[in-house]
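Respectively, the protein sequence lines represent chains E and L. The opening residue of the first sequence carries number 1 in this note's numbering; numbering runs sequentially from there. The opening residue of the second sequence carries number 1001 in this note's numbering; numbering runs sequentially from there.
Among the hints, a few may not be true.
[To be verified] Below, in silico cross-link-like pairs of lysine-lysine (PhoX-like), each with a Cα-Cα straight-line distance of 25 Å or less:
#: 1; chain 1: E; residue 1: Lys45; chain 2: L; residue 2: Lys1013
#: 2; chain 1: L; residue 1: Lys1057; chain 2: L; residue 2: Lys1070
#: 3; chain 1: L; residue 1: Lys1003; chain 2: E; residue 2: Lys42
#: 4; chain 1: L; residue 1: Lys1057; chain 2: E; residue 2: Lys45
[To be verified] Here are some chain L residues the structure puts well away from chain E; computed CB gaps all over 10 Å:
#: 5; residue: Ile1060
#: 6; residue: Glu1062
#: 7; residue: Pro1113
Treat the hints as calculated values from the structure; they're not laboratory data. Values in this document were obtained by computation on a predicted structure and should not be read as measured data. All C-beta atoms in this analysis are idealised placements derived from N, C-alpha and C, irrespective of residue type, glycine included.
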Amino acid sequence: RKEVEQDPGPFNVPEGATVAFNCTYSNSASQSFFWYRQDCRKEPKLLMSVYSSGNEDGRFTAQLNRASQYISLLIRDSKLSDSATYLCVVTPISSGSARQLTFGSGTQLTVLP
Amino acid sequence: DVKVTQSSRYLVKRTGEKVFLECVQDMDHENMFWYRQDPGLGLRLIYFSYDVKMKEKGDIPEGYSVSREKKERFSLILESASTNQTSMYLCASSFTLGLAGGSYRTDTQYFGPGTRLTVL
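So that you can see chain L by itself, here it is in the shape it has in the complex (with noise of 0.2 Å):
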């Protein structure tokens, strides 16, 4: 079973403070995502990384960062939080698929059980 895994349920932070959030999947999948999910709003990616070290702008990447030091491990950073980041997270992870003629697909994303963050 795939298994993918976040630091924390819940956290609460105040404005201004530096917000850690990590996810760890332990399928040695190359692809790991961010998501953010607001009622109405769905599901809105902020970052993905294909590989150790590379990482991509989704949608929505202001105010945040990533990291992606090793292959099961994707870190989002909230350099400085403000109470518009309020929200749930949700981290994802999936293989990528060849397919004729070179191009490439992600396959089924796996998703953590996501951390609601407050930010005060």
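This is chain E alone, in the form it adopts within the complex (with noise of 0.2 Å):
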């Protein structure tokens, strides 16, 4: 089983459109989430972290659920300009280091005219 599962999509979807990727994770000591965006044939970007309590920022909004090991990430009134790939990423906790990032194999997004 791999360490980040993502739905590779594609998901098209209209503009103006709500889309919501889920990310599941394999690591209960995973301690640190994030989601990366990566355009095509460019480098990831932190789009967000992702906190305990769910996070916002404009139309993305970002929720952790410890419970069920999983990650999502809603995008409301999505743009042309939102059609790129988004990376779930996890970082573990323990008692030693945590230089490591983990990345899911990312799920593309299309926003059609």
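Dock chain one against chain two, each of which comes alone in its own frame, and use the hints as you go.
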């Protein structure tokens, strides 16, 4: 089983639609969670961190469900510029260091005019 | 703005050649990482370094080595390139955040633009 699993998509949605992605992680010790965005032929960039209480940044909302070990990303009123691959990322914190991030394979979103 | 640069955007090499990929960051980050990204497999960690001259194996270190002689520079070396090493190579860097109780974790990772390596 992969440590971080995502539905690869593609998700094709019309402009203005609301779209949600889920991501599951296998390591219950995982403590930090992120969503990264990767545009075609570009490097990944941090979109937002995911906090236990859930967090919102404009049209984007991230949620964490520790009991079920999944993270979600909701995009409201989607724009053409939201077309990208969204990467779910986790990092464990144990008694030692946690310098690594574990990336999901990504979910591809295309917003159609 | 954090800047992570990689020596080449595109590289074509022949099987058996020695290949050097260089990465430089300008934010005094302790941690540096090398990943490869392949369709359907996502980002896979090859090696990382959390200090000068320190290195740790990631998930797929076979066929690769690394060098970190200076804090800002992290090199990935393919001793004898093979066709299955054709891939997109991404370098990243991050700070280390100290946490209560003596543990720590990496902060946000900043990526370079990537090097698309083709091995013929």
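Hints, one by one, checked against the model:
With a CA separation close to 28 Å, the supplied pair lysine 45 (chain E) and lysine 1013 (chain L) exceeds the 25 Å bound. A distance of roughly 19 Å separates the Cα atoms of lysine 1057 (chain L) and lysine 1070 (chain L); the hinted pair therefore holds under the 25 Å criterion. Straight-line distance between C-alpha atoms of lysine 1003 (chain L) and lysine 42 (chain E) comes to about 14 Å, which keeps the hinted pair within the 25 Å bound. For the hint linking lysine 1057 (chain L) to lysine 45 (chain E), the alpha-carbon distance of about 23 Å falls within 25 Å, and the restraint holds.
Taking the minimum C-beta to C-beta distance to chain E, about 13 Å, the non-interface status of isoleucine 1060 (chain L) holds against the 10 Å cut. Residue-level check passed: glutamate 1062 (chain L) sits 18 Å from the nearest beta carbon of chain E, beyond 10 Å. For proline 1113 (chain L), the condition that its CB be more than 10 Å from all CB atoms of chain E is violated, with the nearest at approximately 6 Å.
Against the hints set out earlier in the document, violations occur for numbers 1 and 7.
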